[in-house]
Amino acid sequence: MKLIAAMSGGVDSAVAAARAVEAGHEVIGVHLALSSNPQKYRSGARGCCTIEDSHDARRAADVIGIPFYIWDMAEEFHDGVVEDFLAEYAAGRTPNPCLRCNEKIKFAAVLDRARAMGFDGVVTGHYARTQISDSGKTLHRAVDHSKDQSYVLSVLTVEQIEGAIFPLGDTTKVDIRKEAEARGLAVAQKPDSHDICFVPSGDNAGWLRDRLGSEVGPIVDQDGTKIGEHKGAYTYTIGQRKGLGLTVPTADGSPRFVLKIEPVSNTVVVGAREDLAVSMMRGERPVWCGPAVTSDPHRGFVQVRAHGAALPCSYFFDGTLLIAQLDEPLLGLATGQAMVIYDGDRVVGSATICETA
Amino acid sequence: MSSIYLDHAATTPMVEEALIAMTAQLARIGNPSSLHTHGRATRKALEDAREIIAKEVGCLPSEVIFTASGTEANNTALKGLYWKGRDNGRNVVVISAIEHHAILDPAHWLQEHEGAEVILIPVNAEGVIDLEFLTQLVATRGDEIAVISVMHANNETGVIQPIGKVVEIAGEIPVHTDAVQSFKKIPLSFADLGVYAMSLSAHKIGGPLGIGALILRRTVEIPALLHGGGQEREIRSGTLNAPSIVGFAAAAKSRYYDSAHVKALRDSFIEGIAINVPGAVINGLQSDRLPGIINVTFPGTQSDTLLLLMDGQKISCSTGSACSAGVHEASHVLLAMGRTEATAQSSLRFSFGATSTYADCDYVVSVLPDVITKGRAANFS
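If you read the sequences in order, they're chains W and X. Here the first sequence stands for residues 19 to 375, where the numbers follow the working numbering. Here the second sequence stands for residues 3 to 383, where the numbers follow the working numbering.
Among the hints, a few may not be true.
What the hints assert, rightly or not - Straight-line C-alpha distance at most 25 Å; calculated DSS-like pairs for lysine-lysine:
#, chain 1, residue 1, chain 2, residue 2
1, W, 155, W, 20
2, W, 260, W, 244
3, W, 20, X, 316
4, X, 46, X, 255
5, W, 260, W, 249
6, X, 316, X, 265
7, W, 165, W, 122
8, X, 265, W, 122
9, W, 20, X, 376
As the list claims (entries may be wrong) - Derived, one-sided and incomplete: chain X residues facing chain W with beta-carbon distance under 8 Å:
#, residue
10, 220
11, 306
12, 307
13, 329
14, 379
15, 380
16, 382
Everything labelled a hint here was simulated from the structure, so no lab data went into it. Where is the CB? At the ideal position from N, CA and C, for every residue including glycine.
Please put together the full structure from these sequences, using the hints given.
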């Protein structure tokens with residue numbers, strides 16, 4: 019096949035590209051320039067935005083022996099990922115930008131462009147697997163569950179999965195680093211990226227404050243009684259306990275947690291730990307990574323954070339929303355996050371959480 | 003199909019004479035500044051080279067100042083002439099809007115760090131500088147201008163600029179010209195042009211990388227960028243790179259470049275494009291151009307996509323314009339010619355050289371239609 023390998027400058031995408039070449043594919047490396055004003059050097063643990071990263075990617079492509087290009091996706095990234103991130107926070111939700119990037123950039127803008135240019139698909143260094151079954155190509159968890167990235171890939175449609183190649187899904191991260199070393203790739207020991215790539219400082223709250231302003235507002239308890247003040251509601255997350263700055267203690271001295279963020283009234287609602295419990299969630303804009311979910315309840319697992327646990331549940335689709343009923347309640351769940359349904363290690367589909375109870 | 007090299011404006015294959023001369027010199031020891039036997043031998047080789055280059059460019063040997071690149075020659079000339087002028091109360095730097103980054107960027111640096119006022123001479127739709135603008139500028143502000151720098155021929159479009167006229171208009175104002183693309187491609191004489199300074203580069207004429215020259219009138223003193231041992235009229239200190247200089251001279255002396263042949267190739271290529279890729283536009287077609295450079299806009303495409311697809315067909319060509327962090331930018335040359343941002347991002351530069359053949363030309367023309375079709379399909383912006 020003729021493939022485009024998306025190369026971030028990190029170890030995973032470099033090995034993925036090398037493996038695709040070894041599998042006999044015709045591969046061209048592409049680094050996505052996602053910032054129109056990139057920093058020169060990496061600072062902290064970010065993995066896709068600096069000029070240094072693009073040099074690392076180029077060097078890896080040269081060592082592997084494949085052509086290398088930089089594609090300017092800064093505008094698409096800004097409109098599809100950064101703006102969405104800001105809008106979601108402004109609406110009191112907690113988005114996952116990596117998911118949006120996969121949905122709108124890597125397996126949309128890049129895959130579409132690749133296909134138009136006569137390529138068959140896109141190779142990435144994501145830890146996930148695909149399998150061919152009777153119902154077509156399906157998406158599965160990586161063998162290395164601690165590195166599994168199927169969660170952030172759960173927004174891919176069947177057609178996108180069709181064009182996605184994940185060569186690393188059968189290997190552990192430790193072995194990938196060893197393989198990179200053996201292949202002579204200088205990025206073998208490059209640190210993993212953790213933070214949000216477009217927040218250079220790693221200070222999400224500060225970054226949001228700079229862009230959304232920081233309007234002081236009330237922190238209230240569940241009765242609506244004001245017990246403190248906050249400096250910008252979107253810098254809080256559901257389930258947060260620390261940094262609330264509350265001086266009025268609860269009657270029994272138990273700690274308070276953020277239960278709810280109300281952007282319209284700029285209010286943060288706090289309460290007891292047990293009030294965080296969620297046993298049902300609804301998600302909008304569902305995407306099916308294989309056969310569509312029906313209104314018949316099925317048994318499976320739902321995961322609500324990138325590296326969270328798979329929680330046993332029953333799930334069904336009511337025609338508009340994806341609904342999951344948990345066997346055991348979960349503490350603290352923010353709207354805006356993705357709920358991803360698994361059938362064993364197969365990704366069934368996902369939706370954006372809009373309601374919890 | 004072996005790969006096809008149509009990027010001679012970026013760099014050229016080394017001519018055999020240069021390769022032989024350079025490798026022989028690499029094996030010889032001696033610092034040209036040393037007074038002993040070894041030093042004298044190196045100095046002899048080096049000064050022979052200087053005389054050859056002087057003869058080829060129509061200047062005196064003492065007017066040749068060796069540098070490490072055309073970029074260094076441009077920086078030395080522009081900054082040096084500006085500082086010299088500023089000492090006499092002249093603070094304006096005049097350059098054309100289509101200069102190479104090796105002039106644009108030092109000019110902007112002078113503006114930001116040295117307080118210079120930079121004025122750009124516009125060009126017309128065919129890529130030629132506006133002489134009327136320059137005439138007016140010199141008439142109204144001539145006594146403020148420290149230096150005028152206009153390239154001899156543009157590296158993206160190949161359009162030749164009227165430097166003789168610029169010198170005439172400039173009168174006593176020092177004129178510098180970046181002749182990196184013109185040298186050995188079209189007739190070029192430093193003395194006949196009447197400029198103060200001119201920049202050359204060896205690797206564009208079949209010589210080695212990493213060596214260039216600033217040709218500077220022998221009576222003109224400018225401040226140095228590099229201070230040290232006082233070599234090269236104390237304008238460019240540093241032990242001279244004798245092997246590269248010898249290679250440079252061998253390339254300059256070589257008669258390998260046949261302008262008529264290259265021009266005929268280019269014209270047949272233009273004809274092929276006109277027949278095979280309807281809608282393609284040759285930029286600067288109505289102007290006098292260098293024999294080897296052709297710049298084509300393919301409407302509805304993006305040049306970086308085209309480059310990838312051409313590379314996939316084993317054809318090396320270029321956008322001709324700069325990259326910022328590897329991201330292709332709209333060509334400032336095409337923008338200056340009045341093209342839109344989209345048009346300026348959808349052009350390719352093909353540059354033919356002495357080693358180019360009709361077979362290269364035919365092959366590129368044969369794959370272009372498919373490349374352009376795919377390029378258009380992949381352009382979602």
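Hint-by-hint comparison with the structure:
1. A distance of roughly 18 Å separates the Cα atoms of residue 155 of chain W and residue 20 of chain W; the hinted pair therefore holds under the 25 Å criterion.
2. Of the supplied pair hints, the one linking residue 260 of chain W and residue 244 of chain W holds, its CA atoms being roughly 18 Å apart against a limit of 25 Å.
3. For the hint linking residue 20 of chain W to residue 316 of chain X, the alpha-carbon distance of about 15 Å falls within 25 Å, and the restraint holds.
4. Between residue 46 of chain X and residue 255 of chain X the CA atoms are separated by roughly 17 Å; this keeps the pair inside 25 Å, and the hint holds.
5. Taking the CA atoms of residue 260 of chain W and residue 249 of chain W, the gap is near 14 Å; set against the 25 Å cutoff, the hint holds.
6. Of the supplied pair hints, the one linking residue 316 of chain X and residue 265 of chain X holds, its CA atoms being roughly 23 Å apart against a limit of 25 Å.
7. Proximity of residue 165 of chain W to residue 122 of chain W is assessed by CA-CA distance (about 22 Å); at most 25 Å being required, the pair is judged to hold.
8. For a cut-off of 25 Å, the pair hint linking residue 265 of chain X to residue 122 of chain W is broken: about 47 Å separates their Cα positions.
9. Distance restraint check for residue 20 of chain W and residue 376 of chain X: the Cα-Cα separation of roughly 14 Å lies within the 25 Å cut-off, and the hinted pair is therefore satisfied.
10. Annotation: residue 220 of chain X was flagged as interfacial toward chain W, and the flag is violated, the nearest CB pair being 42 Å apart, outside 8 Å.
11. Evaluation of the residue 306 of chain X hint against chain W yields a held restraint, the C-beta minimum of about 6 Å falling below 8 Å.
12. Against a cut-off of 8 Å between C-beta atoms, the interface hint on residue 307 of chain X holds, since the closest Cβ of chain W lies about 7 Å away.
13. Here the hint on residue 329 of chain X is kept, as its CB sits about 4 Å from the closest CB of chain W, short of 8 Å.
14. Against a cut-off of 8 Å between C-beta atoms, the interface hint on residue 379 of chain X holds, since the closest Cβ of chain W lies about 4 Å away.
15. The interface hint given for residue 380 of chain X holds, since its Cβ lies 4 Å from the closest Cβ of chain W, which is under the 8 Å cut-off.
16. About 7 Å separates the beta-carbon of residue 382 of chain X from the nearest beta-carbon of chain W, less than 8 Å, and the hint is met.
Going through the hint list in order, the structure does not satisfy hints 8, 10.
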